[in-house]
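Colleague: Starting from the known structure of chain A, arrange chain B with the ligand on it as the hints suggest.
Going down the list, the sequences are from chains A and B. Following our numbering, the numbering of the first sequence begins with 1 at its first residue and continues without gaps. Following our numbering, the numbering of the second sequence begins with 318 at its first residue and continues without gaps.
None of these hints come from the bench; they were simulated from the model. From the three backbone atoms N, C-alpha and C, an ideal C-beta is built for every residue, glycine too. Any given hint could be a false lead.
Mimicking DSS-like on lysine-lysine, the simulated pairs with C-alpha atoms at most 25 Å apart in a straight line are [stated by the list, open to error]: (1) B:425 with A:307; (2) A:259 with B:425; (3) A:258 with B:425; (4) B:425 with A:170; (5) A:181 with B:487.
Pairwise CB distance ranges, derived in the manner of DEER restraints [stated by the list, open to error]: (6) A:81 with B:614: 16 to 24 Å; (7) B:347 with A:143: 44 to 52 Å; (8) A:28 with B:403: 55 to 63 Å; (9) B:383 with A:164: 46 to 54 Å; (10) A:143 with B:472: 31 to 39 Å.
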Amino acid sequence: MIKTIISEGLPVDEQLLIRKKVIQNGNSPKRICIVTGTHGDELEGQYVCFELIRRLNEDIRFLDGTVEVYPALNPLGVDSVTRGIPTFDLDMNRIFPGDPNGHLIEHTAFEIIQDLRGADMVIDIHASNIFLREMPQARINVQMSKKLIPYANLLNIDFIWIHDAATVLKSTLAHSLNVIKTPTIVVEMGIGMRMSRDYGNRLVDGIFNMMKKKKMWTGTISKDICKPILSTTGEVCYMNADASGIIIPSVSHSVDVKKGDLLCQIVDPFEGLVLQNVLSPVDGVVFTLRTYPVVYEGSLIARIFSKNTQIDNGENQ
Amino acid sequence: MNGSMKQEILFKMKSPYRDDFKIQGFRFGEGEKSVAIVGAMRGDEIQQQFTCSQVVKNLIELEKEGLILPGHEILVIPSANHFSMNINKRFWAMDNTDINRMFPGYDKGETTQRIAAALFEEVCGFKYGIQLASFYLPGEFIPHVRMMDTGFQNVKLAKKFGLPYVLIRKPRPYDTAVLNYNWQIFDTQAFSIYSGDTNTINKESAKVAWLSILRFLNSMKIIKKNIHDGFNSFVLSDVDLETVKSNQAGILYSMNSARDEVKKGDLLAKILDPFTGIVRSEIYSPVEGTIFFSHNHPLIHQNTVMYRIVKF
Ligand SMILES: [Zn+2]
Numbered sequence: 001m002i003k004t005i006i007s008e009g010l011p012v013d014e015q016l017l018i019r020k021k022v023i024q025n026g027n028s029p030k031r032i033c034i035v036t037g038t039h040g041d042e043l044e045g046q047y048v049c050f051e052l053i054r055r056l057n058e059d060i061r062f063l064d065g066t067v068e069v070y071p072a073l074n075p076l077g078v079d080s081v082t083r084g085i086p087t088f089d090l091d092m093n094r095i096f097p098g099d100p101n102g103h104l105i106e107h108t109a110f111e112i113i114q115d116l117r118g119a120d121m122v123i124d125i126h127a128s129n130i131f132l133r134e135m136p137q138a139r140i141n142v143q144m145s146k147k148l149i150p151y152a153n154l155l156n157i158d159f160i161w162i163h164d165a166a167t168v169l170k171s172t173l174a175h176s177l178n179v180i181k182t183p184t185i186v187v188e189m190g191i192g193m194r195m196s197r198d199y200g201n202r203l204v205d206g207i208f209n210m211m212k213k214k215k216m217w218t219g220t221i222s223k224d225i226c227k228p229i230l231s232t233t234g235e236v237c238y239m240n241a242d243a244s245g246i247i248i249p250s251v252s253h254s255v256d257v258k259k260g261d262l263l264c265q266i267v268d269p270f271e272g273l274v275l276q277n278v279l280s281p282v283d284g285v286v287f288t289l290r291t292y293p294v295v296y297e298g299s300l301i302a303r304i305f306s307k308n309t310q311i312d313n314g315e316n317q
Numbered sequence: 318m319n320g321s322m323k324q325e326i327l328f329k330m331k332s333p334y335r336d337d338f339k340i341q342g343f344r345f346g347e348g349e350k351s352v353a354i355v356g357a358m359r360g361d362e363i364q365q366q367f368t369c370s371q372v373v374k375n376l377i378e379l380e381k382e383g384l385i386l387p388g389h390e391i392l393v394i395p396s397a398n399h400f401s402m403n404i405n406k407r408f409w410a411m412d413n414t415d416i417n418r419m420f421p422g423y424d425k426g427e428t429t430q431r432i433a434a435a436l437f438e439e440v441c442g443f444k445y446g447i448q449l450a451s452f453y454l455p456g457e458f459i460p461h462v463r464m465m466d467t468g469f470q471n472v473k474l475a476k477k478f479g480l481p482y483v484l485i486r487k488p489r490p491y492d493t494a495v496l497n498y499n500w501q502i503f504d505t506q507a508f509s510i511y512s513g514d515t516n517t518i519n520k521e522s523a524k525v526a527w528l529s530i531l532r533f534l535n536s537m538k539i540i541k542k543n544i545h546d547g548f549n550s551f552v553l554s555d556v557d558l559e560t561v562k563s564n565q566a567g568i569l570y571s572m573n574s575a576r577d578e579v580k581k582g583d584l585l586a587k588i589l590d591p592f593t594g595i596v597r598s599e600i601y602s603p604v605e606g607t608i609f610f611s612h613n614h615p616l617i618h619q620n621t622v623m624y625r626i627v628k629f
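The following block holds chain A by itself, in its conformation from the complex (with noise of 0.2 Å):
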């Protein structure tokens, strides 16, 4: 069943809809959740709504509760290459937990909020932007990882980063649910305007996996989920641009790499001239990492994960 959550109209002959396909299945009250699309040039989610959906209609008779797919929350952005809300140039995470005598989309904010409460599980899947690549990871507020941590082990990624509270925006759709006591886990992967089939798999077999956990799904898992690495046993290591020009990488994503190895360069296309060379400040993994070319002083180029070892940022030059 596809429930309409948010219709309000839009000037002409239009309505603004928001939407979430409910699949239930036996007597169990627990419901999760799978969120996305609040980013519209995040589009890695909607492979995984997609093979969620296919898979739980195969074989529905192995669930026992509610799964609700929200693929969406920002349809007006996914249908036209926005990032933000259009018409409004906001990040819709941004505006959590809305207000309900705000603006249209302060109040849409508040209804979707509403819509999530309560909910055993909310999965919100975010790719990166069209910048960088990601790892598949979690995003979790250090304040909720006692919590959190048992079930995004679950989900199949490579890499749990726990963020400190000082890091954590109050207004993030994940955020606001959590301080309702709606469990929210942030997953990131992927790219921004692509889509990849194998990290689509991963998460919808990790969901799986946590249904099971969560004895909402008596079928058949995945065998080989995989154990992710967890940020707080090692550090996590911050590669900026020191200078503005093109990047032309020499390591490609989610390697491993050693202290001093090249990253990539920077150069500068009118002088033919290395700007920059990028180099690994750490023995570490390659997490997250810069794909679009064009960079200015201070964009990201790379985070690498290392495993308690000292950073040394000095050596980088």
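Modeller: Only chain B with the ligand this time, still in chain A's reference frame:
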């Protein structure tokens, strides 16, 4: 004799293909860091930048006449984002991030975090901070001073601008990353001035804004320039504003706009069918008061804020 105005490049960054990105500052006087004024941080804040330019123009005049009082430093930064303004974008040209969601900034972080960090370093430590702000949703405001209820705000000072209203607002989750909030956290008395318009220049309302800034500076004995008293500002909070929402979508035929006084039952606007022109809805004022905010786009969504009215 005061030193004369210094035009400085406060931040400079090379771009891959465009001209260098610069943030320019105009520094007047010497002594205590008295006031920092920030104009456009978004590319559509043309009114805000224009207002700032008029403040600079007035301060140059006042300085010539020796009317910037000794012992005060004034820093004006008319623009922190002309890279977006020059190409008609609202947010940072490269990655669409909002500089005014990056404070206090981080000098080793992303580009806009670096811009925010550089800007904040320059404007931090001043006694007063004034930002010419725009609202994040489209619409027109009555000129007002806005302060966040952080516990550090000083309403008495806000009234010195002599604008019709002072709005005290509870911070929302995103506010912790805006300039105004961070100023207050770091001990600057911060004021956001809303003159009403964005993406255009309304000379009337811009003048109200720049005169209010000069009035404030005069009142704080930073400059000597007598300006008529202005308004005895009415202080209000969100609960004093009555919200009128649209019950239909369509073409908005608005009869009233910000500043208008309305009676209970007055017809404020009609919402028309975009194909037939038939009136779908008539919007009446639920209260007697002054329109504080009005939606000013000719198209209207359903269930969105059309007006906020200050109740008498
Ligand atoms: Zn996203």
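Colleague: Of all the hints numbered above, which does this structure not satisfy? Sort the numbers upward.
Modeller: Violated hints: none at all, because every hint is consistent with the structure.
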